[in-house]
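> Keeping the supplied structure of chain G fixed, place chain Y upon it in accordance with the hints.
Protein chains in written order, with the numbering used here: chain G, 1 to 426; chain Y, 1 to 426.
Some hints here could point you the wrong way.
It does not matter which identical chain is meant; a pair holds if it fits inside one copy or across any two.
Below, in silico cross-link-like pairs of lysine-lysine (BS3-like), each with a Cα-Cα straight-line distance of 27 Å or less [what the hints assert, rightly or not]:
#: 1; residue 1: Lys72; residue 2: Lys60
#: 2; residue 1: Lys201; residue 2: Lys216
#: 3; residue 1: Lys363; residue 2: Lys415
#: 4; residue 1: Lys72; residue 2: Lys293
#: 5; residue 1: Lys250; residue 2: Lys53
#: 6; residue 1: Lys201; residue 2: Lys363
#: 7; residue 1: Lys250; residue 2: Lys216
#: 8; residue 1: Lys250; residue 2: Lys311
#: 9; residue 1: Lys53; residue 2: Lys72
#: 10; residue 1: Lys20; residue 2: Lys415
#: 11; residue 1: Lys26; residue 2: Lys244
#: 12; residue 1: Lys26; residue 2: Lys293
#: 13; residue 1: Lys244; residue 2: Lys415
#: 14; residue 1: Lys250; residue 2: Lys284
Don't read these hints as lab results, they were simulated from the structure.
Protein chains: 2
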Amino acid sequence: MSLAEADRSIADIMAELGQKARIGAKALAIASPEQKRTALITAAGAINAHRKKILAANAKDMEAARDKGISKAFLDRLELTDARIDGIIDAVRTIAELPDPVGATIAEWDRPNGLHIERVRTPLGVIGVIFESRPNVTADAGALCIKSGNAVILRGGSDSFHSSHAIVECMLDGLHLAGLPVECVQLVPTTDRAAVGEMLKGLNGNIDIIVPRGGKTLVARVQDEARVPVFAHLEGIVHVYIDKSADLEKAVAVTLNAKMRRTGICGAAETLLVHQDVVTTHLKPIIEALIAKGCEIRGDATVMSLIPTAKPATEQDWRTEYEDAIISVKIVESLEAAIAHIETYSSHHTEAIIAEDPAAVEKFFNQIDSAILVHNASTQFADGGEFGFGGEIGIATGKMHARGPVGVEQLTSFKYRVRGNGQTRP
Amino acid sequence: MSLAEADRSIADIMAELGQKARIGAKALAIASPEQKRTALITAAGAINAHRKKILAANAKDMEAARDKGISKAFLDRLELTDARIDGIIDAVRTIAELPDPVGATIAEWDRPNGLHIERVRTPLGVIGVIFESRPNVTADAGALCIKSGNAVILRGGSDSFHSSHAIVECMLDGLHLAGLPVECVQLVPTTDRAAVGEMLKGLNGNIDIIVPRGGKTLVARVQDEARVPVFAHLEGIVHVYIDKSADLEKAVAVTLNAKMRRTGICGAAETLLVHQDVVTTHLKPIIEALIAKGCEIRGDATVMSLIPTAKPATEQDWRTEYEDAIISVKIVESLEAAIAHIETYSSHHTEAIIAEDPAAVEKFFNQIDSAILVHNASTQFADGGEFGFGGEIGIATGKMHARGPVGVEQLTSFKYRVRGNGQTRP
Chain G
1 MSLAEADRSI ADIMAELGQK ARIGAKALAI ASPEQKRTAL ITAAGAINAH RKKILAANAK
61 DMEAARDKGI SKAFLDRLEL TDARIDGIID AVRTIAELPD PVGATIAEWD RPNGLHIERV
121 RTPLGVIGVI FESRPNVTAD AGALCIKSGN AVILRGGSDS FHSSHAIVEC MLDGLHLAGL
181 PVECVQLVPT TDRAAVGEML KGLNGNIDII VPRGGKTLVA RVQDEARVPV FAHLEGIVHV
241 YIDKSADLEK AVAVTLNAKM RRTGICGAAE TLLVHQDVVT THLKPIIEAL IAKGCEIRGD
301 ATVMSLIPTA KPATEQDWRT EYEDAIISVK IVESLEAAIA HIETYSSHHT EAIIAEDPAA
361 VEKFFNQIDS AILVHNASTQ FADGGEFGFG GEIGIATGKM HARGPVGVEQ LTSFKYRVRG
421 NGQTRP
Chain Y
1 MSLAEADRSI ADIMAELGQK ARIGAKALAI ASPEQKRTAL ITAAGAINAH RKKILAANAK
61 DMEAARDKGI SKAFLDRLEL TDARIDGIID AVRTIAELPD PVGATIAEWD RPNGLHIERV
121 RTPLGVIGVI FESRPNVTAD AGALCIKSGN AVILRGGSDS FHSSHAIVEC MLDGLHLAGL
181 PVECVQLVPT TDRAAVGEML KGLNGNIDII VPRGGKTLVA RVQDEARVPV FAHLEGIVHV
241 YIDKSADLEK AVAVTLNAKM RRTGICGAAE TLLVHQDVVT THLKPIIEAL IAKGCEIRGD
301 ATVMSLIPTA KPATEQDWRT EYEDAIISVK IVESLEAAIA HIETYSSHHT EAIIAEDPAA
361 VEKFFNQIDS AILVHNASTQ FADGGEFGFG GEIGIATGKM HARGPVGVEQ LTSFKYRVRG
421 NGQTRP
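This is chain G alone, in the form it adopts within the complex (with noise of 0.2 Å):
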């Protein structure tokens, strides 16, 4: 920050900023497809080019990161290395490859008075993400706006402020030679904590969308204090449930990718629920195969009952997100009684149901509403790359406008062009 910089208040800063991302989303909104697709082949090219300035920035960001005593985990979320860029890189050229979603029809019709009716995608404006320490947001979430037409303030966190700032100067390379204002990614010039409640107000009107980035205590500040809308989940509460028309080697191998390939992601499973018909032949070998991984269960009086080393569930268990290698294990008497615990409990990110009837399924998926239903597959799936989309900027749970993994798709509007040859109203 300038000494001039320094001497202006936060709200200001954060004002001007706001103003010159909307005149940059003026710009991108009607940029061409090749434009933006050559703004983002050019910014992969320049953090494959100026790799070792990245790495430099974040081993200063690492060291000061260190110094402060931070914990390993967050320590290992800041770190690059040059696999995690060539992820960085790879992301990049994935997003601008995409078919570019603005100007895409998603629906056509002839009226009966001769009027053609289309109704085309459009950039929603501007995206504010605030996001903690993990320098590959700033590329991913910056690539998932330039091709869904928005412009983006960037706010990360103030630890990986200098990788941020590396890897944003690649971007702005990429606007540049594509002839795209660079006002389209700005990354927020202060670490001081007010710009993000600045951002949170929404600076004038110049910010359409807040998307969150992090851990629960950020992501609930954002709901809470937003003036704006929120594309966000605060927590995937995951149920897998095993019917009585389960078969039992994909009971087994799903629900041990669900709950331990990885247990600190958000489409990670927390509660087992299994039908009493099937409990003599599933349950041990699903928990037999969790415990061998290493997962601790904790179970309602039947599973007690079965399982030795299990611990007691309470009430709290099946509220908790344990972002952990612990599971809750409860017995259910229908798929009734399943969906019922799940629209209790839930918080309607992914659910899934291990079964072979087709029956249950349908009920299953017509009965929960939650943003992703899985039939015989692991919850883990809850991704917009393995959706298809080509990245994601977050996953939703709210049902306005985004829901599940939102990719550049979720990243646009619409509006309708009505074609006439002098039709009047009668």
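Just chain Y now, with coordinates in the frame of chain G:
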């Protein structure tokens, strides 16, 4: 209101209404298409059967309104006649026969790992509709919400309370016969204005969307105070642009219809922009046609010099929704100047271009960010019925979720259904 109810606070009454609505919404979300159709067909039949009762209730409202010395325009909106009741019955029947949006597949695709992913429509939940004294909104909004699987809380103008109540009774007959909870459609049982404030706060999370239907004062209050998303438009500053390639006959017919068919609706034109190259050929015939229909002209210097009866347009005229037989007229030097004017002054509702040059139309369609863009047809087609939606709960100018006419599809969200055969994530 019973004496017991009078003793309770408005906040308590409204909170209970919210809880009941949520219960209704859960039942309606999983109701079959046939149940919803039956509810609406039965409701339409009940409105027909109870016509005398509805007219008597309306007479009571009209008498009270007259005693209060209320304006003629207001009384006209409040009054029900046999013909208007026929219109209400037709609207409910039309909505009943629309394809059911809930469960409809919006998109589906396969992943390389064999997963099949579908995006299907789901209801939003509970819609709060706040409207002024037009009793037909009771039936329209109720029918659109039932069809889209949403419970609705209706808060009509206090002057139409008896009329709305009589119509809601008929909707309840329909729900009852279809085996659906009567909590799906609730009329706020008090005319206390504090009830609106409670709705805007969201009834403890039991209202998902607010739709205001009425004048600017109502919409502005709702947009300002609502803590839940709002589908609305504050105003319709609608433009008609006559390109240099415009066909004269179409230009005259469309402008006349866009301005004068009905001057009080949101899709009525307020500003006419004319390309300088066709001032000598097109301006006079268009203006003369408008004047012949009783329209006042407010023009820029060129218009003033050519049209003796024109008044001067001030800066404020470009920002004004007249809702009356007045039009502001400006000569522009280019298509780009027309686009710049519209992007500066428009309320982003509806804009029309009259042109024979396809390149001009494409530029207009691409560069203007309004909900509805029209080529060679009247802006007064900006209407859910005219779009083929079978009705509308309103028109939205926001870019989140719904935009343009809000019909049953726009009253839905979606969820993902993922089908596998044992897939786990590597």
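> Now tell me, hint by hint, if it's right for this structure.
Going through the hints against the structure:
For the identical chains of this complex, Lys72 and Lys60 are intra-copy neighbours only, at 16 Å inside a copy versus 73 Å across copies, given an alpha-carbon limit of 27 Å. For the identical chains of this complex, Lys201 and Lys216 are neighbours both inside a copy (20 Å) and across copies (24 Å), given an alpha-carbon limit of 27 Å. For the identical chains of this complex, Lys363 and Lys415 are inter-copy neighbours only, at 14 Å across copies versus 35 Å inside a copy, given an alpha-carbon limit of 27 Å. Taking CA atoms no more than 27 Å apart as the test, Lys72 paired with Lys293 passes inside one copy only; the shortest distance there is 23 Å, against 77 Å between copies.
Taking identical chains as interchangeable, the C-alpha atoms of Lys250 and Lys53 are never at most 27 Å apart, the minima being 47 Å within one chain and 62 Å between chains. In the homo-oligomer, the alpha carbons of Lys201 and Lys363 never lie at most 27 Å apart, since the shortest distance is 42 Å inside one protomer and 34 Å across protomers. Taking CA atoms no more than 27 Å apart as the test, Lys250 paired with Lys216 passes in neither setting, with 32 Å inside one copy and 58 Å between copies. In the homo-oligomer, the alpha carbons of Lys250 and Lys311 lie at most 27 Å apart inside one protomer (25 Å), although the nearest pairing across protomers, at 78 Å, exceeds that limit.
Proximity of Lys53 and Lys72 under a CA criterion of 27 Å is satisfied intra-copy only: 24 Å inside one chain copy versus 73 Å between copies. Only within a single protomer do Lys20 and Lys415 lie at most 27 Å apart by alpha-carbon distance; the minimum there is 24 Å, versus 35 Å between protomers. With identical chains, the CA atoms of Lys26 and Lys244 are at most 27 Å apart between copies only, with a shortest distance of 26 Å across copies and 55 Å within one. Taking identical chains as interchangeable, the C-alpha atoms of Lys26 and Lys293 are never at most 27 Å apart, the minima being 52 Å within one chain and 39 Å between chains.
With identical chains, the CA atoms of Lys244 and Lys415 are at most 27 Å apart between copies only, with a shortest distance of 25 Å across copies and 47 Å within one. Within a single copy, Lys250 and Lys284 get their C-alpha atoms as close as 14 Å, which meets the 27 Å cut-off; across copies the closest is 77 Å, which misses it.
Hint check: violations occur at hints 5, 6, 7, 12; the rest are consistent with the structure.
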